[in-house]
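Protein chains: 4
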Amino acid sequence: MTYWHEKEFEVRDYECDMADGVNNAIYMNYFEHARHCMLKEAGIDFAELARRKVGLVVKRIEVDFIRSLVSGDQFVIKTSISRISRLRFEFTQEIQKNPEGTIVARAKLVGVPINAAGKPFMEPELEDKVNRLLNKYNSDQTSNDLAHN
Amino acid sequence: MTYWHEKEFEVRDYECDMADGVNNAIYMNYFEHARHCMLKEAGIDFAELARRKVGLVVKRIEVDFIRSLVSGDQFVIKTSISRISRLRFEFTQEIQKNPEGTIVARAKLVGVPINAAGKPFMEPELEDKVNRLLNKYNSDQTSNDLAHN
Amino acid sequence: MTYWHEKEFEVRDYECDMADGVNNAIYMNYFEHARHCMLKEAGIDFAELARRKVGLVVKRIEVDFIRSLVSGDQFVIKTSISRISRLRFEFTQEIQKNPEGTIVARAKLVGVPINAAGKPFMEPELEDKVNRLLNKYNSDQTSNDLAHN
Amino acid sequence: MTYWHEKEFEVRDYECDMADGVNNAIYMNYFEHARHCMLKEAGIDFAELARRKVGLVVKRIEVDFIRSLVSGDQFVIKTSISRISRLRFEFTQEIQKNPEGTIVARAKLVGVPINAAGKPFMEPELEDKVNRLLNKYNSDQTSNDLAHN
Numbered sequence: 018m019t020y021w022h023e024k025e026f027e028v029r030d031y032e033c034d035m036a037d038g039v040n041n042a043i044y045m046n047y048f049e050h051a052r053h054c055m056l057k058e059a060g061i062d063f064a065e066l067a068r069r070k071v072g073l074v075v076k077r078i079e080v081d082f083i084r085s086l087v088s089g090d091q092f093v094i095k096t097s098i099s100r101i102s103r104l105r106f107e108f109t110q111e112i113q114k115n116p117e118g119t120i121v122a123r124a125k126l127v128g129v130p131i132n133a134a135g136k137p138f139m140e141p142e143l144e145d146k147v148n149r150l151l152n153k154y155n156s157d158q159t160s161n162d163l164a165h166n
Numbered sequence: 018m019t020y021w022h023e024k025e026f027e028v029r030d031y032e033c034d035m036a037d038g039v040n041n042a043i044y045m046n047y048f049e050h051a052r053h054c055m056l057k058e059a060g061i062d063f064a065e066l067a068r069r070k071v072g073l074v075v076k077r078i079e080v081d082f083i084r085s086l087v088s089g090d091q092f093v094i095k096t097s098i099s100r101i102s103r104l105r106f107e108f109t110q111e112i113q114k115n116p117e118g119t120i121v122a123r124a125k126l127v128g129v130p131i132n133a134a135g136k137p138f139m140e141p142e143l144e145d146k147v148n149r150l151l152n153k154y155n156s157d158q159t160s161n162d163l164a165h166n
Numbered sequence: 018m019t020y021w022h023e024k025e026f027e028v029r030d031y032e033c034d035m036a037d038g039v040n041n042a043i044y045m046n047y048f049e050h051a052r053h054c055m056l057k058e059a060g061i062d063f064a065e066l067a068r069r070k071v072g073l074v075v076k077r078i079e080v081d082f083i084r085s086l087v088s089g090d091q092f093v094i095k096t097s098i099s100r101i102s103r104l105r106f107e108f109t110q111e112i113q114k115n116p117e118g119t120i121v122a123r124a125k126l127v128g129v130p131i132n133a134a135g136k137p138f139m140e141p142e143l144e145d146k147v148n149r150l151l152n153k154y155n156s157d158q159t160s161n162d163l164a165h166n
Numbered sequence: 018m019t020y021w022h023e024k025e026f027e028v029r030d031y032e033c034d035m036a037d038g039v040n041n042a043i044y045m046n047y048f049e050h051a052r053h054c055m056l057k058e059a060g061i062d063f064a065e066l067a068r069r070k071v072g073l074v075v076k077r078i079e080v081d082f083i084r085s086l087v088s089g090d091q092f093v094i095k096t097s098i099s100r101i102s103r104l105r106f107e108f109t110q111e112i113q114k115n116p117e118g119t120i121v122a123r124a125k126l127v128g129v130p131i132n133a134a135g136k137p138f139m140e141p142e143l144e145d146k147v148n149r150l151l152n153k154y155n156s157d158q159t160s161n162d163l164a165h166n
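So the protein lines, in turn, are chains W, R, E and A. Heads up, my numbering is the position in the first sequence plus 17, with the first residue counted as 1. Heads up, my numbering is the position in the second sequence plus 17, with the first residue counted as 1. Heads up, my numbering is the position in the third sequence plus 17, with the first residue counted as 1. Heads up, my numbering is the position in the fourth sequence plus 17, with the first residue counted as 1.
The following block holds chain W by itself, in its conformation from the complex (with noise of 0.2 Å):
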């Protein structure tokens, strides 16, 4: 079974294009700050991380859209986390639209962390970190389609 972080949001009008609905690259946005706050839990801080120029880094995304979410539309964003090799991460993530918990957007990320020198590394610390992650919101879910990337 996959435990997932959560974290609330609403649509703001300025995110919302000619169309009306949110435009595509926000929901890029929201995704980015899912998965921040659910590192920022296990004190994995980006802000900091980007000071010492140690980078986390998305390799690769998949963005299903299902439905279209506009002005005034509250949701949730559920992220999990998975370990595919030793140092890439898949992150699955999901927009549930409040109150009907119907299905928005579905996410696919690989993301690697990087040293100063831009070459995929993880300090002992930031391990420990990421492995309370994994502890908290691994998804069992496995994941052809990214893992040989």
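Just so you know, these hints were derived from the structure itself, not from any lab. All the pointers check out, no bait thrown in.
When chains are identical, the list treats them as one kind, so a pair holds in a single copy or across two.
Derived DSBU-like pairs (lysine-lysine); straight-line CA-CA distance at most 30 Å: (1) Lys-70 to Lys-114; (2) Lys-114 to Lys-136; (3) Lys-125 to Lys-146; (4) Lys-70 to Lys-57; (5) Lys-76 to Lys-24; (6) Lys-95 to Lys-76; (7) Lys-153 to Lys-136; (8) Lys-153 to Lys-95; (9) Lys-146 to Lys-70; (10) Lys-125 to Lys-76; (11) Lys-146 to Lys-76; (12) Lys-24 to Lys-146.
In this text the structure is predicted, and so the values were computed from the model without any measurement.
Please build the complex by placing chains R, E and A on the supplied structure of chain W, with the hints as guidance.
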């Protein structure tokens, strides 16, 4: 052989985040603008369609991030289009850094035209214009990964 | 005395630029969202008006940036409204960092309602709702700097 | 007479909101990019300064919105700079729609250089470069409204 639509860009400083590179969500902005420029070349105007509640909807996107774009970078987005079913189109896009030509990111998208009722539908006039694009910028690439969605 | 509308926010990492603080343009997003929330409280829905081509247009904005907001900051935006002429309204806004209450930025805006033809105009129903806001969140501040515009 | 730096732009569809025009916050993006291009012409690179924690901080901005920019519009941003005190500079900016030359918006900003400690300070090397800009793009306009801040 694939003939690509090409659109030139330069990174703007406000598009870069604390990690110094262009934020992942901004790539979606770039890809969208490149597609809309290609569509416009065939007389397909997103804004005019939106006013008539005709939508060009992205159903799925996949992006591989290979390198980072940083402040000052010049780059070109190459876009091609192919038909994967009656009302589903696949866009293949690639970001190449200038002047070296190194690949920065690759994307595949599935787009669907919808009518004012939100149903997949394509006006004959729109179909004519899309056919012109398919003739000019059609990728021969088979796209097994997206065709089944 | 001024009674303010209050809306709480938190800084999201994608809103910060290479200089590590929230990019100046993002403050406009924050201010807009706070105003739209205040308007919505009185039944004024920007999205619904936009669909009918009724516009709530910003004619002028002045912002003083006093401190920077950075990753992780929690803050509140306080908004009040006053009438400066028949069809011109002034919004006064202030960003206060939580929990200290230090002032981060102050803004003054002039807004004007327009009809579908783009002319300054206010439907009676809209006027009723605006009057409710003026009674609740009216600032007594004289605003010499903006009144003459 | 004022000699302006000029930078050309085109509206991108993702920059337009539900009211069909360019969202007000996006004008700040445009103004910033035009200023950074002007600075770069004199060898002042915002990204390189940010890496050394040298900041070019906007303390105040005033914008008058005169017309709307909409999808497809081509425009130019004209920028000039003048010195209002030892460490305070005023930028005057204007958006002109092409090819008509109609004024879309006007902005005035106060900018201040700061050092890594966050204090107003200007390195001699930066001062030399700014002086070059002041000689080339200096506006003679008196700016009573901003000088006292």
